[in-house]
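S.K.: The chain contents come next:
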Amino acid sequence: MRFQIDKDVFQDALNQVQHVVSTRTTLPILSNVLIEADELGLQLSTTDLDVTVTKRVPAKVGETGSTTLPARRLASIVRELPTSEIDIEVNADNAATVRSGPSFFKILGLPSSEFPVIGEFGEAKVFTIDQRLLRDALRKTSYAISTDETRYVLNGVNCIMGEGMLTLVATDGRRLAMVEQDLEFPAGQESGVIIPTKAVNELQRLFENSGELKVAISDSQASFELNGSLLITKLIEGNYPNFRQVIPGQANYRVTVEREVLHSAVKRVSLLVNEKTNSIKFAFEDNRLAISANSPEIGEAEEIIDVRYDGPRIVVAFNPEFVMAPLRNLDQDEIFIDLIDESSPGVIKIDEPFLYVIMPMRVAN
Amino acid sequence: MHSSHPLDPQPDIPATQLNALWTTISHDLRAELGHSTFDLWFENFQLRSLSPEEVVLVAPGTIYAIWVEENFKSSLLSSFEKHLGACGRIRFEVSVAEEEESLAAGEGTEAIAEVPAEERRQVNPRVLAETVSERKLLELGRAAGLVETFRFDNFVPGENSELAWAASRAVADLPGKTYQPLFFHSACGLGKTHLLHAIGWESLRLRPKSKIIFVTAEHFANDYIDAIQKNALVPFRKRYREADLLLIDDVQFLGRKEGLQREFFHTFNRLADRQKQIVLASDCPASEIVELEDRLVSRFQWGLGVEIHRPGLETRAAILRRKRDDWKMQISDDLINIIVERVRGNVRALEGALIRVAMVTTMSESPISPEQVVEVIADISGGQETRQVGVEEIKRTVAEHYDIDVQIINGKKRTARVAEARQIAMYLVRTLTDLSLVEVASAFAKDHGTVIYAVRKVKKRCDDSASFKSTVELIKRRLVRGGSAMESPRAVRGQYPPNPRLGANPLATGPNEV
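One line per chain: the protein sequences are S and Z, in this order.
For the first sequence, the working numbering begins at 1 and goes up steadily by one.
For the second sequence, the working numbering begins at 1 and goes up steadily by one.
Hints listed in this document are in silico derivations from the structure and should not be mistaken for laboratory results.
Check the hints yourself; a few may be wrong.
Here are the simulated SDA-like cross-link-like pairs (lysine to any residue), alpha carbons at most 20 Å apart as the crow flies [claimed, not checked]:
#	chain 1	residue 1	chain 2	residue 2
1	Z	446	Z	396
2	Z	73	S	125
3	S	125	S	205
4	Z	230	Z	260
5	Z	177	S	155
6	S	276	Z	71
7	Z	177	Z	304
8	Z	73	S	174
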């Protein structure tokens, strides 16, 4: 196999696929990237047996063929190469020589026949959506995924397609993020699946600002095709709990606040967060919000910001990280905080179909 | 459980009593959390059963179970503790009827899958938190065969045992998930057994309901023989194969016992299949256990094998300070430093020295002087401080005995005599020095497999032939007694201070003595 490829093209592609490679894997072949060269260019693939990413890139192929090379090592070599043209030649023993200007590398690979074959996709539901739609929805929800492995059904984003809606939900039992986007699905293509965290993270690397996304969903797998890349993932098996039961009903009070102002204020005050309770206080009163932290052994912090609120004084305590996570991932200038009382869940909303339920923490006084 | 309706209380406590207790607890929770919060989260919860080990609550849906567990577990626990004195873990089950109803009533968007009702009810039977009284813990621990004093909090990890310590903690936290099996090996008295017990105690504390078994391999063998004699293999197998955590000490005892190995092989497989944790301790690496079936060797090597080394000076000092504080002895740090400089074998010897010094201290009127300490522990330090023997010295002594040139030992010649000499030399280097397998191999310009083979072969021949054994012993005695002008590599490297009592005890043998 022999080909010539542009350094930036190769580097970008390797960056997109190398994260799938697990750092500590039992099978050496899983550390490698499968490189297949045909007349049209290269196809790069990596897998950890759960998630597989394949990327097509243009290259001048002198001789077709395939091999596998250590993904991370190759990526770090390519990153450092001095010229924009890279020549790679792989011999029958899967030893690759990489030439770029004065540089010469020889990297030992493994035969492509050892690379795992990605399981056949059974009967699947297929549809196409705007990739920006899924990108934004994932960004607004994925930070709330649970990392508690004993609750494996929560280790992913629950994705429901049907009834004219695309609904994405993630929760860890103390907060819940949901996006509900109007979207017509072809009849018979409705489904509900749980996309595991790793696939969500890898998918977010592949998104671009525009273009279509082709989704296929089978019983146990899903695939996403976009921008010349293909991601195939196993789905989390099991039933996602009925999350709607924890979304509070009608709120009594609504606070309107500037997102960035709130975010930076919470960030500053949280520097003195009480390590025991891990909470900071939000006191809403008379168009003002006082955010304060008090840590007996360390000290205290307070910041007062302007908000729109004309209800009675309400004091709620929240985990500051749980407040900041959605603020970081939204882009609207203004957000709303809906409250029922001091001990009921609060809800962060924007003027788009998004909501974030956050449990208050109990405060001593 | 399978035969009863999910909402049936267990027969020992009547439903009315459970309901009454839940009402009381609800009252507390209302007062603590406020009515609106209580109604929002706890309204349709029920108390299903109660035992010293666990409280089972039925939640009206999986999401309620998760939410309550994440947000209100401390309130629940303290309330149960207030009324029951002690509270085991709290476990949630999800009521089938409620869950199905909510699925149907939900927006019709839940991923609907045909899960049998029995399974669905178990969706999230998860441990919420577990507190178990010390008394109960002791009771459970003793039943499991654990020794009370071997806990994590009185183990002093040092550079010699860091990895073993970390692996033990990981295994106790997530049994069956991290290292399967975990295999310790070291010379005696360095803490293998302590860690095994400590893993058992910690697991019990975290999961009081789990079945934990600690046995020595010998005990396992006796149980097995008993079972065969009484024709009661079924209960024997049930006991071991249904364990959640199996801790086996001195597994080298399995060596050369075929029937026992076969039985243990199946026990091992069964536990591994069920992702139950196995922790093993041995006085040598799995590969060096004499006549251990290859399939067991390879299984023992699946997970993590950790060697516990002899503690260094600082660790020895830390261990003794810890012991002194535990035993409330009046011994200064300076005296401890004197002890650890002189006694550098296993921890038991260190403790013995400490106790002696403490005894002399309490009996004498005036404070004990450093010179007295040296004198009091003289025989212990003499016995422990094996002369540091060097590789070259061993090679030379063996060569002398076989009347061959030292160069031949390093060479490739493989006549029976030379091969025997070479194997004995490897065996002695392995047992008398601290060198690792790889270091030994490179000292002989061979690979480590050859060394393993040589060590095994010599051990076996020692067992089979008394005359061979006496040859090995003879060479060993010569080495230990000294009389060679060669410096040991250790002394050259200056890792240990020069030893004034070199070879004082002619019968002393290395701590790795087999």
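S.K.: Out of the numbered hints, which ones does the structure contradict?
M.R.: Violated hints: 2 and 3; rest satisfied.
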